[in-house]
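**Student:** One letter stands for each residue in the lines below.
Number of protein chains: 2
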Amino acid sequence: VTKARSNKPLTTEERELWHALKKLSDVSLASVGNTIEAETGLSGADFGILSRLVELGDGVLPQQSLQASLGWQKSRLSHQLTRMETRKLLRRCESETGRRVHVEILPKGTATIEAAYPVHAIAVREYVLKHIDAKEGAVLIQLVRRLEKSLEN
Amino acid sequence: VTKARSNKPLTTEERELWHALKKLSDVSLASVGNTIEAETGLSGADFGILSRLVELGDGVLPQQSLQASLGWQKSRLSHQLTRMETRKLLRRCESETGRRVHVEILPKGTATIEAAYPVHAIAVREYVLKHIDAKEGAVLIQLVRRLEKSLEN
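So the sequences go chain by chain: A and B. With this note's numbering applied, the first sequence covers 656 to 808. With this note's numbering applied, the second sequence covers 656 to 808.
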């Protein structure tokens, strides 16, 4: 949309797009998160973390991999993990060399996430995926890949 | 993408789109947030709140309007406002009837946000808007509107 490097205030159009980008995740997560929380007691963030531990790491992941997968900032993840440790859903442990911190799901975490999956699948389809056509979905996926790639450089 | 109400596990395609949606905001915010924080000391969340107070409310907004504009959950906003009150960037105050809580920017907040605007504009253009073409931007804005509307129902 914009090519020039400028420090002038964002135009109305630039601002609209920027706000839409920032809102998209929150809008998508709101109904799904509320449904899961009401039916299982897990927040959207809890669910995102537990499901990644199970799906990507078979129960355990380096904290850094978890962070990369979520696309969160380090401090946000750290606060969230502390809250989840208190609730005995997971624990952090040092690797054998003590160099890397791993995150490991605990039995209570496994039981809770298994019960939450069907609730999550219904909510994601009803509140979000149903409202996005295939073409829009392709645009979104491409865009995220492009932005991620530009961040790496 | 999906029409049927089903509690079966999300397919690979459904999962990819869902993860892209959740990631888009975080990916967009990461570089912009890091730049603003490095150059002004404001986090992305600080900036979002202060700029809304100035732009939407001329310095003061009902907490509920702020929440609606950010699209955040109530507890997330509440924690964030508490941190910003401690730093004397803003304060919460009750309306005359005591029914609604208002959020008011303080002089330190005003000075900080004014200094941050040019930094923000450069970063938003360089790290995000430059990578999105007009057609993609239109798809995103439409999609956010549609999801917001479906949430209202």
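Keep in mind the hints are simulated off the structure, nothing from the lab. Among these hints, one or two may not hold up.
Copies of the same chain look alike in the list, so a pair counts if it fits in one copy or across any two.
[What the hints assert, rightly or not] Straight-line Cα separation of at most 27 Å, DSSO-like style, residue types lysine-lysine; simulated pairs:
no. : residue 1 : residue 2
1   : K743      : K804
2   : K804      : K763
3   : K743      : K729
4   : K790      : K804
5   : K785      : K763
6   : K785      : K663
7   : K729      : K785
8   : K663      : K729
9   : K763      : K790
10  : K790      : K743
11  : K790      : K729
12  : K763      : K663
13  : K785      : K743
14  : K790      : K663
15  : K763      : K743
**Student:** Hints first: check each against the structure and report whether it holds.
**Tutor:** Hints, verified against the model:
Taking the shortest alpha-carbon separations for K743 and K804, neither the intra-copy value of 36 Å nor the inter-copy value of 37 Å comes in at or below 27 Å. Proximity of K804 and K763 under a CA criterion of 27 Å is satisfied in neither setting, with 36 Å inside one chain copy and 37 Å between copies. In this assembly of identical chains, the alpha carbons of K743 and K729 lie at most 27 Å apart whether taken from the same copy (21 Å) or from different copies (25 Å). In this assembly of identical chains, K790 and K804 lie within 27 Å of each other by CA distance both inside one copy and across copies; the values are 21 Å within and 20 Å between.
For the homomeric pair K785 and K763, neither the shortest alpha-carbon distance inside one copy (32 Å) nor that between copies (45 Å) is at most 27 Å. With identical chains, the CA atoms of K785 and K663 are at most 27 Å apart between copies only, with a shortest distance of 15 Å across copies and 39 Å within one. In this homomeric assembly, K729 and K785 come within 27 Å of each other (Cα to Cα) only across copies, at 26 Å, whereas the closest approach inside a single copy is 32 Å. For the homomeric pair K663 and K729, neither the shortest alpha-carbon distance inside one copy (31 Å) nor that between copies (33 Å) is at most 27 Å.
Taking the shortest alpha-carbon separations for K763 and K790, neither the intra-copy value of 40 Å nor the inter-copy value of 46 Å comes in at or below 27 Å. With identical chains, the CA atoms of K790 and K743 are never at most 27 Å apart, being 42 Å at best within one copy and 46 Å at best between copies. In this assembly of identical chains, K790 and K729 lie within 27 Å of each other by CA distance neither inside one copy nor across copies; the values are 33 Å within and 33 Å between. For a Cα distance limit of 27 Å, the shortest separation of K763 from K663 across copies, 22 Å, qualifies, whereas the shortest one inside one copy, 52 Å, does not.
Within a single copy, K785 and K743 get their C-alpha atoms no closer than 35 Å, and across copies no closer than 44 Å, so neither meets the 27 Å cut-off. Proximity of K790 to K663 under the C-alpha cut-off of 27 Å is restricted to the inter-copy arrangement: shortest distance 24 Å between copies versus 34 Å within a copy. Taking the closest pair of Cα atoms, K763 and K743 come within 27 Å of each other only inside a single copy of the chain (7 Å); across copies the shortest separation is 41 Å, beyond that limit.
Hints 1, 2, 5, 8, 9, 10, 11 and 13, counting from the list given before, are not met by this structure.
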